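Student: With chain P fixed as given, assemble chain H onto it according to the hints.
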Amino acid sequence: MSNDTTVDTVAPDDIESVDAFRARLRAWLPDNLPPIPDGAVERTDERWEHERVLQRRLWDGGFAGIRVPRAYGGLGLTAEHTRVFNEETAAYDLPFSLNVPTLGILLATLVDAGTHEQKLRHIPAILKGEELWVQFLSEPSGGSDLAGCLTRADRDGDLFMLNGSKIWSSGAYSADYAMCLARTNWDVPKHRGLTMFIVKIHQPGVTVEQIRQTDGSTEFCQEFFDDVPIPVGDVVGEIDDGWSVANRLLVHERMAVGGGSPYTVGRNSKQEVGDEGAELIGLVRSRGLTHDSHARQLLAEASVRTMVGKALVERITTGMTTGAMPGSAGSLMKLYGAEAVIRRAEIGVELAGEDGVTWPTGSETAGARLGQYSLGRQGAALGGGSNEIQRNIISERLLGMPREAAADRDIPYRDVRRTGGR
Amino acid sequence: MDLELTEEQTFFVETTRRFLEAESGIAAVRDLEHDPVGYDPKVWARGAELGWTTLLVSEADGGGSFSGHGLLDLVLVAEEMGRVVSPGPLVPVNVVADALSRLGSPEQKAEVLPGLLSGERVGAWCGTRPVSGRADGDDLVLSGTCGPVEAGGQADHLLVAVEHDGGCSQVLVPAGMTGLKVTQLSGVDLARRFADVRFDDVVVPGDAVVGPRGEAAVEVEHALRVACTLQCAESTGIIDKVFALTLEYLGDRYSFGRPLSSYQALKHRVADDKVTLEACHAIATAAARAVADDAPDAGEVVSAAKAWIGPRATEMIQDCVQLHGGIGVTWEHDLHLYLRRATVNRATHGTPEFHAERVAATKLGASA
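As they're listed, the protein sequences go chains P and H. Be aware that the first sequence starts at 1, since it is given in our numbering, and climbs by one per residue. Be aware that the second sequence starts at 423, since it is given in our numbering, and climbs by one per residue.
This is chain P alone, in the form it adopts within the complex (with noise of 0.2 Å):
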């Protein structure tokens, strides 16, 4: 399987001219997308299912999957599209929360692994807004080790059974299907016996929960499967081979993340980049520190770390897409990421001060989220891989320094030692 990002293309002459695809955009929109809400969205039920219809809306405008292959329901455009869609819409309300990780990470994946099959039945589902999609790849036994992977699928037939626990699946609860890293041969060294699977999530058997981490919200889920049935045509890429297809998955992952994916549009949030920096601008006025040096200074650093921010993201995306750079570079900009969220946390909680901490009950003030966004700011430095595993990923796979001592390496998985016990 090849590193770099495969986006299938079509005779020039044979699509639609950036010009035309502007102009109908332009006439399309104003009656169709409503405008972005003001303040912060909250992925709630209701936001979940409104994006659903801002995504069908997309679909039957005929602007959904600007870069995905015509075969499956998509446009088979080119990142200029995407770059003119992005500027025309930037002042409208778009499914933001479609494209981590649905669009981004688990439609790639399919468009890289899935059958063909696999690919006519979920892919226009997702472009309509019907199907959301997940990963279940981290357990609670270890969220680093990926390839440690406990939860089992035994073949009985034309079917796995799947059983075990995956956690940190961000927004499962309001999903509809999953990919799910499952060992399937335990005689075998831990990365050969993995196989990767579509898993229908709203079924008997599977039972979601919400975690509710330190900043209060519920998105992060665990599962819990028990003698769950999987079809043996839901198996992506090989049998024994899901740890390939789970790199590919990574790579979409890390590129998704940093905000260079070919299949996502607009931000990744409405709380991203520019709206960030306002919240910031509107914190020191609002605290009257507009000629405070050290204010300032703190405030063209958060701006400065968004705009290198961007030139990396589109650095690293060229480099990957012209093969100078190889799919571990994405873990460059995943790394610059983390550490950028939680310098910019950092900033505000310097910001807002008092504001942050206290402010009056019921009032969504900047401080009051900037305060408690700080709380759980290493979620960044956590989810879609710790920054750890990102340093040994660009020393290792990027820079070719020696890799890490592993006590499990050529050792079927049934004899390796794991946390409390076997």
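Honestly, the hints are just simulated from the structure, not real lab data. Being a predicted model, the structure only gives us computed values, none of them experimental. Check each hint, because a few of them may be wrong.
[To be verified] Keeping only pairs whose Cα atoms sit at most 27 Å apart, straight-line, the calculated DSS-like set for lysine-lysine is:
no.: 1; chain 1: H; residue 1: K531; chain 2: P; residue 2: K310
no.: 2; chain 1: H; residue 1: K464; chain 2: P; residue 2: K310
no.: 3; chain 1: H; residue 1: K531; chain 2: H; residue 2: K603
no.: 4; chain 1: P; residue 1: K200; chain 2: P; residue 2: K128
no.: 5; chain 1: P; residue 1: K200; chain 2: P; residue 2: K119
no.: 6; chain 1: H; residue 1: K464; chain 2: H; residue 2: K663
Tutor: Then chain H, alone, in the frame of chain P:
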């Protein structure tokens, strides 16, 4: 370096790199430590033949670029010079040549440009802080000090900003005029020379004004952007090379029976340095493109690059010194040559704090 270079640009980079390694390698910097000029004029003139002085100059004036955007070609030279800490007045000569080509009178161009372009003459740019001037008929009388001015002591002409009559003009002052005092400074860089330039009632004729009289503020800003863009490219070249040296060293050096590069504590620091390095490349490229395109946010992006790269370049080299161990703090090792240049680049053409304040001003308006 920009990842999207044309074939011609790639060839230009290779030619420049080969030339610098052969004629002006890192060892050359050590030889120049006590040289008053700070660079070899013969090497500089040969560099000029390769295009180091002509890229920002129009074809009509004897210049020309490879890509159609001379600045995008010139940053490639700056980056290559950074990789060997090359001496040579790249920033001042190009800022002056750019100003003359775009704004100079036919007489100014004829008198000064050929020498600058051939590398036989040097121009210095006195920076953004204007000296004060008063009009005396058509003449301007200049007083005040500028500095540190790169290559001020080597320059045949100085481009200086003058505040007068409620406006700002750029004036081209020949070296050696009465009342003009240029004092060479000592400094951190072994080769790059800076000077204090003092004007004591220096009388310059009206035809020394470059561009529209009294309306040069936007041109001074442009000069700053060009200077900062080149400086950011040079610093990025420096840390790119230092990073490569360090990575190689960690692989070659053994402790406790294993290569240093196998220690996770060191691998993780190298990973962080790699992120810093790529982020510097990215914002340096963004700055070059924004200035080349004269983008509406060019001033902000350039200042972001200066504020970001300055302290990170020096910090990263210091970290590479640490990763080298004791050899890293010796005179014998080349690391300090890179560190010296990056340290000078951080502080000149505006400190990181100065440029951060410029970014803040775009968000909040000017400070009281």
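Student: Holds or violated: K531/H with K310/P, Cα cutoff 27 Å?
Tutor: 40 Å, violated
Student: Keeping to a limit of 27 Å between CA atoms, is the pair of K531/H and K603/H held or broken?
Tutor: Given that 27 Å is the threshold and the Cα spacing comes to 25 Å, the pair holds.
Student: Holds or violated: K200/P with K119/P, Cα cutoff 27 Å?
Tutor: Holds. K200/P to K119/P sits at ~15 Å (cutoff 27 Å).
Student: Does K464/H pair with K310/P here, judged by a C-alpha cut-off of 27 Å?
Tutor: 42 Å, violated
Student: Are K464/H and K663/H close enough, with their CA atoms no more than 27 Å apart?
Tutor: 25 Å, holds
Student: Does K128/P sit within 27 Å of K200/P, going by the straight-line distance between their CA atoms?
Tutor: 17 Å, holds
Checked against the numbered hints given earlier, this structure breaks hints 1 and 2; the rest are met.
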